[in-house]
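**Q** Got chain A; can you put chain B on it based on the hints?
2 protein chains.
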Amino acid sequence: MKRILLRIAYDGTDYAGWQIQKNAVTVEGVLTEALRDLLKEKIELIGASRTDAGVHALGNVAVFDTETRIPPEKIAIAVNQRLPDSIRVQSSEEVTKNFHPRYCDSIKTYEYTILNTSIAIPTESRYSYHVYRNLDVIAMRKAAEVLVGTHDFSAFCSAGSQVKSKVRTIIKVEINEIPLASFFRNYPQRKIIIRVSGTGFLYNMVRIIAGTLVEAGEGRRSIETVREAVEKGERNLAGPTAPPQGLMLIGIQYKKQADMMEK
Amino acid sequence: MKRILLRIAYDGTDYAGWQIQKNAVTVEGVLTEALRDLLKEKIELIGASRTDAGVHALGNVAVFDTETRIPPEKIAIAVNQRLPDSIRVQSSEEVTKNFHPRYCDSIKTYEYTILNTSIAIPTESRYSYHVYRNLDVIAMRKAAEVLVGTHDFSAFCSAGSQVKSKVRTIIKVEINEIPLASFFRNYPQRKIIIRVSGTGFLYNMVRIIAGTLVEAGEGRRSIETVREAVEKGERNLAGPTAPPQGLMLIGIQYKKQADMMEK
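Chains as they are written, first to last, in our numbering: chain A, 134 to 396; chain B, 134 to 396.
The list treats identical chains as one, so a pair stands whether inside a single copy or across any two.
Quick list of in silico lysine to aspartate or glutamate cross-link-like pairs, EDC-like style, CA-CA up to 20 angstroms: (1) Lys324 - Glu310; (2) Lys324 - Glu257; (3) Lys135 - Asp170; (4) Lys324 - Asp218.
Everything labelled a hint here was simulated from the structure, so no lab data went into it.
Isolated chain A (complex conformation) (with noise of 0.2 angstroms):
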């Protein structure tokens, strides 16, 4: 028996998140069925982050238990014969049967992003949150850093969330800003990318996060109301939860097996 570890990108638009469901299409579903029909055994797998409906994974990570004699590495090439063109198998690896992509520690990455034009632009709406008022940028980034470290982040997690402890550290958050080609001149074009890095997150963390961080760059909320949410827990003092579309888990790093990741 061995345990496989695969990495995964996915186009969330068309799928009920990544939990297996009994009548929606899942991305877990759908990668479980291409499993069992390429290795013919009852495969179970075991995911990292089960990310919500229309978000989107550049390399969310499952593994799951195999008999198989397939190499490995082979693994990722051959299921990808298996899927539709909206999920790919990144890559696929043996790691120690111990492993649990959930309990081992692990830094998550992941991107919220922001097209902030006066007019939305199509080819850029399937993943990004449309936000047409002028954002400012370096209130937005003061804002972030009240969030940086270890915190009890009970404002910013969603009703329904059955975790014990809502405490959870975020190492970065990094706010960029990607120019787009424009003809107003009065009027500036951009993407805003929010990438934010931590060892956890509550259930719809990071989309209340930019829910926050966009009225913070709107001027309708200070540093001190920010701070006020961290501190008294209170999910009404966070902001909205931002659509999902703009959410994209970019990945997940293991410590016990950095060595193995980054070859």
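**A** Relative to chain A, chain B alone:
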């Protein structure tokens, strides 16, 4: 009677190209319907570029004549309410009555996006051409230099074009790399964007340039063979026509209208 110029962005994935057709959904067809519905007049559009099926635009241009009393710059917002999300009019403005988007001198800028990664990435595949072989960008840039200037581009024009002269001027070709987040240090994961500006383009010209430069980047074609294709003007001496989804019409700049465009 006023002549109105529109700048139009669209996701070409689900359209049979720009040009109006009886039995197919086209960008011009959908936009014409929306304008007729808004203005209650028999609007006829004159488009600048008849992009092919699957090709995208950030700033295609079209004009039409109208008697409407809606202020010119408000037409964009009003018509967007009658358009699907896949088409957004970016701006509307009045131009002189003799302004013609194809006959007035202009500089057109296109981008062709190549996804140069070992495995396809679902969130990139709608807007790029996936090439898994590692491309030599230096070789691509050298091959591109041969194309800059005024040449007979017969070798870079698909059959079916009815234009008499195939002499065109390419002002600039830039090839830029955008690195992508990656867990594979031994393989570059990146987008390669070919940005071409010129005073006019033949049928499929940018896609044939892209196909030729990819061959140069793969090491399957020398700079001399690119030069030979230009000199001899035979279609079979240039590379294949790269697929449509990688192509985007970025914008069109009109010389006479320069002051009006760049407010």
